[in-house]
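Chains as they are written, first to last, in this note's numbering: chain C, 87 to 324; chain A, 87 to 324.
Certain hints may be false.
A pair counts as met if it fits within one copy or between any two copies, since identical chains are not told apart.
[Unchecked claim] Think about it this way: if two alpha-carbon atoms lie no more than 27 Å apart in a straight line, the pair counts; the simulated DSS-like pairs of lysine-lysine are:
| id | residue 1 | residue 2 |
| --- | --- | --- |
| 1 | Lys269 | Lys197 |
| 2 | Lys200 | Lys114 |
| 3 | Lys269 | Lys188 |
| 4 | Lys123 | Lys239 |
| 5 | Lys239 | Lys114 |
| 6 | Lys200 | Lys123 |
| 7 | Lys239 | Lys126 |
| 8 | Lys188 | Lys126 |
I should point out that these hints are in silico values taken from the structure, not numbers from a laboratory.
Number of protein chains: 2
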Amino acid sequence: MNCLLLNPEDLTAPGRARITGRRFQQLKTVIRAEVGKRCKVGLRDGCLGFGTICSMGPDSAELEFVCDVPPPPPSPISLIIALPRPKSFTKVLHAAVEQGVKRIWFISSFKVEKSYWNAPRLMQDAVEEEVTLALEQCCDPVSPRIEFRRAFKPFLEDEVPGLLVGTDAFLGDPAGTEPVPSKVSRPTILAIGPEGGFTDYENGKFREAGFRSVSLGARVLRSEFAAAALLGRMNPDC
Amino acid sequence: MNCLLLNPEDLTAPGRARITGRRFQQLKTVIRAEVGKRCKVGLRDGCLGFGTICSMGPDSAELEFVCDVPPPPPSPISLIIALPRPKSFTKVLHAAVEQGVKRIWFISSFKVEKSYWNAPRLMQDAVEEEVTLALEQCCDPVSPRIEFRRAFKPFLEDEVPGLLVGTDAFLGDPAGTEPVPSKVSRPTILAIGPEGGFTDYENGKFREAGFRSVSLGARVLRSEFAAAALLGRMNPDC
Chain C
87 MNCLLLNPED LTAPGRARIT GRRFQQLKTV IRAEVGKRCK VGLRDGCLGF
137 GTICSMGPDS AELEFVCDVP PPPPSPISLI IALPRPKSFT KVLHAAVEQG
187 VKRIWFISSF KVEKSYWNAP RLMQDAVEEE VTLALEQCCD PVSPRIEFRR
237 AFKPFLEDEV PGLLVGTDAF LGDPAGTEPV PSKVSRPTIL AIGPEGGFTD
287 YENGKFREAG FRSVSLGARV LRSEFAAAAL LGRMNPDC
Chain A
87 MNCLLLNPED LTAPGRARIT GRRFQQLKTV IRAEVGKRCK VGLRDGCLGF
137 GTICSMGPDS AELEFVCDVP PPPPSPISLI IALPRPKSFT KVLHAAVEQG
187 VKRIWFISSF KVEKSYWNAP RLMQDAVEEE VTLALEQCCD PVSPRIEFRR
237 AFKPFLEDEV PGLLVGTDAF LGDPAGTEPV PSKVSRPTIL AIGPEGGFTD
287 YENGKFREAG FRSVSLGARV LRSEFAAAAL LGRMNPDC
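Taking the hints into account, I'd like the entire structure generated from these sequences.
The following block contains the structure:
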């Protein structure tokens, strides 16, 4: 936890908050909080700043804070990614959120096993908790929007064309012939396939929609490292 | 396993190999091998190619193979990285090996807990097994050289200057002022700090040795995603 995120329900008065639960435990064990100790804080979907511990109880800590530093700029890149197996899903979420991605669609694909959709890690509470951990890691208080689409064709045909207006679109593919662009500045959607890649039909659908196949090289990366490497290449410094 | 790596001891005759153990189990379950099935193979530290299953026993499979495709080019980037906690160590290893890094030094730092050095994951057999999994993932048969240095100062003062001859050197640091270079072509060493960063003293030692502090932005990434993102930015397409 590099930054303590404060939610509206934590606020007890202007500039004051009470922290309980996991964040309190981490304050105690990781930051070794004690009265007078300062730590980095962020107001959920607001600014960053610093807090000072005013009191420590057995189950909660009170702190005073000032948040007046704007959050880091969001990535211009949104992600469409074939739903990975559950363990990898959490990692992909971290890889993307830690690099400032604010919109992610996890989608179906022929090679996505149906059982993945029922994984407890995909439940709303579990996703929100992982997103919070990733935001705390990267010191960014601004929540991303995470969506799931279980039907490939309607998403590609009915929803994607609207998303692509005024937006560049790339499909990461080890067999792609164009290089991955460096440090994009325009709004961009990046699509990443499942282990083993999208099928020819699916690739065709992306191409029809206007996606260009790009490749970092011949090596086949695990989903989370593909996302991290492509974002590292394509993100402007943000 | 996107590529079956063949070791010298697997070869029973020129162009023939017998596979047992974990790789045999994965051939059966993941690739669903049966006689006549073709799969991508690589000769350890040699070329890539294809194999065909000739026979399947209860504990082993025999295959014929031809390997005549050169491996993907290595990354020009070598990595110096503060030893992360054991779970993260394995992930960093994957992030680097999957992007073609052929030399990694895991080093000490003030913020590296001493207990990390005794983790079973750092034993030679465990490291070799993880490296093999990463090479199988990314379809690259060429083994990297992984080294450990428990003494920060002697490494920086006595060993690094020799490594830096004819080599560019960068230190990834969220507080760095220079941008991370894109797609380097010269031999390059990239240093990455521990969670919480190198100390001022340690940063000073890197600067004295000739490293330039570079940053992808203000966000603080987990070690494995910092490695993956920096390599994604800096690697040429390889």
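To see whether the hints hold, each was checked on the structure:
| no. | hint | verdict |
| --- | --- | --- |
| 1 | Lys269 - Lys197 | neither (30 Å within a copy, 32 Å between copies) |
| 2 | Lys200 - Lys114 | between (41 Å within a copy, 22 Å between copies) |
| 3 | Lys269 - Lys188 | both (17 Å within a copy, 26 Å between copies) |
| 4 | Lys123 - Lys239 | neither (53 Å within a copy, 31 Å between copies) |
| 5 | Lys239 - Lys114 | neither (49 Å within a copy, 32 Å between copies) |
| 6 | Lys200 - Lys123 | between (48 Å within a copy, 26 Å between copies) |
| 7 | Lys239 - Lys126 | neither (44 Å within a copy, 31 Å between copies) |
| 8 | Lys188 - Lys126 | within (22 Å within a copy, 37 Å between copies) |
Of the hints listed earlier, those the structure fails to meet are numbers 1, 4, 5, 7, in rising order.
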